[in-house]
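Chemist: What follows is each chain in one-letter form.
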Amino acid sequence: DVQLQESGPGLVKPSQSLSLTCTVTGYSITSDYAWNWIRQFPGNKLEWMGYISYSGSTSYNPSLKSRISITRDTSKNQFFLQLNSVTTEDTATYYCARKGSSLYYAMDYWGQGTSVTVSS
Amino acid sequence: DIVLTQSPATLSVTPGDRVSLSCRASQSISNYLHWYQQKSHESPRLLIKYASQSISGIPSRFSGSGSGTDFTLSINSVETEDFGMYFCQQSNSWPFTFGSGTKLEIK
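Residue numbers (my numbering), protein chains in the order written: chain E, 1 to 120; chain R, 1 to 107.
Quick list of simulated restraints, FRET-style, between CB atoms:
id : chain 1 : residue 1 : chain 2 : residue 2 : range
1  : R       : Thr14     : E       : Thr117    : 36 to 42 Å
2  : R       : Thr14     : E       : Ser63     : 37 to 43 Å
3  : E       : Thr88     : R       : Ser20     : 34 to 40 Å
A few chain R positions that, by computed beta-carbon distances, are all more than 10 Å from chain E:
id : residue
4  : Thr5
5  : Leu11
6  : Thr14
7  : Pro15
8  : Ser22
9  : Ser26
10 : Gln27
11 : Ser60
12 : Arg61
13 : Ser67
14 : Gly68
15 : Thr72
16 : Thr80
17 : Phe83
18 : Glu105
Hints were generated in silico from the structure; no laboratory data involved.
Even glycine gets a Cβ: it sits at the ideal position worked out from N, Cα and C.
Start from the sequences, fold in the hints, and give me the full structure.
Modeler: Here's what the structure looks like:
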């Protein structure tokens, strides 16, 4: 079965970079699908951040475009989120999720999420 | 960006009730609307895709309807395990957006 697992530091200082890893088991990230990052703010609002496709192309939410980068390590079947110049407003639970590679697909597998707090 | 408005924000129900949750889009999104359930301290789980298509492993009491701008998630005979948050999400255009959610709670 497909499983996704987020990992990374739970505390980041303002102005620094947030870096998270999503490790995928049960499916190769180079076979198909788009591999997404989504975050959920305190109060439950969900925001799609971006994805890296099986081919390595990326798409980002324009609201984050200047600060976000999604990359991958195909040898480890992992993909990564880097968010630069974080502020307290980036405090959230971060999820990785799988979506069909076409635009219209839903997100069918999600990781358990990792909580990140931005604070000095 | 496409705005999804969910109503009501909170719905208090008794087990056995039939409930309907609404999601309205700020512009037409055809049927590119998906529903997720999120229980406390868990990640979202896909319930319905493309407005009305069922998902393997999801109980048949969950159903979806609608197209264009107005969508409904129905739960036929709510069970205690159904309480939690419900979100809609559109995949008609980038950036993908989510509704603010409906909290289903026990009356």
